[in-house]
Structure formats: C-alpha cells, structure tokens
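Participant: Single-letter residue listing:
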Amino acid sequence: KAGVTQTPRYLIKTRGQQVTLSCSPISGHRSVSWYQQTPGQGLQFLFEYFSETQRNKGNFPGRFSGRQFSNSRSEMNVSTLELGDSALYLCASSLEPNTGELFFGEGSRLTVL
Amino acid sequence: AQKVTQAQTEISVVEKEDVTLDCVYETRDTTYYLFWYKQPPSGELVFLIRRNSFDEQNEISGRYSWNFQKSTSSFNFTITASQVVDSAVYFCALNTQTDSNYQLIWGAGTKLIIKP
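Chains E and A are the protein sequences, given in the same order. Residue numbers for the first sequence follow my numbering, beginning at 49 and rising by one. Residue numbers for the second sequence follow my numbering, beginning at 32 and rising by one.
Please note that a few of the clues may not be correct.
[Stated by the list, open to error] Under the rule of at most 27 angstroms between Cα atoms (straight-line distance), these lysine-lysine pairs were calculated in the DSS-like manner:
#	chain 1	residue 1	chain 2	residue 2
1	E	K105	A	K69
2	A	K69	A	K146
3	A	K69	A	K101
4	A	K34	E	K105
If you are wondering where the hints come from, they were derived from the structure by calculation, not from laboratory data.
Assemble the whole structure, with the sequences as input and the hints as a guide.
Facilitator: Below, the structure written as structure tokens:
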C-alpha cells in the first residue's frame with residue numbers, strides 16, 4: 049500500500065511569489081491535514097480537509113489556503129510568500145477526521161529567498 | 032490553555048541503555064487524547080500510540096512502553112534496550128477541540144541520539 053506522497057519535495061521561491069504543494073493520501077483515506085514545521089515554532093497545524101470541505105483550521109493568515117479534490121488528493125497554496133514561510137510542510141492522511149492517528153508524508157521543504 | 036511540554040531538548044545514550052522521554056500536558060478538557068510520534072531523519076512522522084484520558088493503564092509494545100498519569104498530567108515514553116535505529120525526534124501531542132474546531136497541539140520534540 050503506497051504511503052502519503054508529497055510533491056515537490058524541495059523548492060525555492062522568492063518573496064512575493066506564490067507556491068502550491070500537492071499531497072496524495074493513502075488509498076482509502078479521506079481526510080488530509082497539513083502542518084508547518086520550523087525550528088523556531090515546531091509543528092503547527094494549518095488545516096484539515098475531509099470530503100472536499102475544510103473541517104478544521106489552525107491559526108494561520110489567509111495567505112495559506114488549501115483544497116481537496118473528489119479523489120481525496122489535496123493541495124495547499126501560500127500566496128505572497130514571506131521569508132518566515134520557509135519551512136517543511138507536512139501532509140498527513142487518515143481514514144476519518146479528528147482521530148489524531150495520522151500517516152505523514154516526507155514533506156515539502158520550501159525555502160523563501 | 033492547552034499545552035504540551037517536552038522539557039528534554041536532546042538526550043544522548045549509548046546503545047542498550049534504557050531511556051525515558053518526558054511529556055507533560057495541560058488541558059481543561061475532561062476527555063482528551065494523547066499521542067506519541069517518531070520523526071526519523073527522513074522527516075516522515077510515524078504514529079506510535081494514542082491514549083485516551085480514561086485509560087490510565089500502562090501500554091507496552093515490544094521495547095516501547097508508555098506511562099500515563101493523570102495526577103501529574105504526564106505521558107512518558109520509555110525505550111528499553113535502545114538501538115541505533117531508535118535515533119529520531121520524538122513528539123508528544125494532545126488533541127484539543129474548541130467549538131467545532133479540532134486540532135493537535137504538539138510538544139517541541141525531544142531529539143534522541145543512540146550511540147553505538
């Protein structure tokens with residue numbers, strides 16, 4: 049059974065640009081969550097999608113957005129990039145939302161210059 | 032406030048030693064769940080355990096064991112006879128639900144180094 053797949057694995061952007069990250073969950077998993085991991089702030093929850101609807105949301109500005117498609121694949125977008133957005137963005141999938149039992153991908157490492 | 036504290040930033044032990052990772056949490060909820068995750072150098076977080084607040088029985092899984100004590104708001108994780116492959120960052124997490132918004136609150140993590 050394939051795990052959670054995130055693309056791209058690494059990317060470099062400049063301030064002001066936007067970026068889209070993609071996540072394919074484990075087959076059969078309908079819930080996808082996104083996390084930001086930085087050395088300073090640690091792991092922080094961005095949002096969770098289930099059945100194409102955002103179910104839960106963390107405390108991030110509106111520049112961070114996401115969506116989920118009918119096949120459960122998810123994308124997250126960050127607009128008007130700032131230096132502080134440099135981070136490892138982790139996607140996790142689960143069978144149902146609100147379980148906490150998450151299966152993570154290897155992450156997309158974003159560097160903003 | 033909901034909070035998870037992992038006071039040990041980094042622990043280094045020699046292979047085969049036992050090691051305990053501490054986790055202290057704060058929550059106003061009477062029903063909650065606690066979690067441990069492992070993050071090896073590859074970056075992919077791996078789920079280890081989920082424990083609900085009504086189950087204070089200790090859990091053992093091979094060389095891993097967990098001690099949950101509500102009286103001290105702690106959920107500690109012990110690795111017995113550590114191995115080099117146990118080297119990773121370990122995170123403790125607490126679920127929180129405010130209104131209808133559910134999310135995990137994570138500790139800062141403990142970096143465990145097992146020396147051969």
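Participant: All the hints need checking, so say for each whether the structure fits it.
Facilitator: Structure-based check of each hint:
Straight-line distance between C-alpha atoms of E/K105 and A/K69 comes to about 24 angstroms, which keeps the hinted pair within the 27 angstroms bound. A C-alpha spacing of about 18 angstroms is found between A/K69 and A/K146, which places the hinted pair at or below 27 angstroms, so the restraint holds. Taking the CA atoms of A/K69 and A/K101, the gap is about 23 angstroms. The hint holds against a cut of 27 angstroms. For the hint pairing A/K34 with E/K105, the CA-to-CA distance comes to about 17 angstroms; that is within 27 angstroms, so the pair holds.
Of the numbered hints stated above, none is contradicted by the structure.
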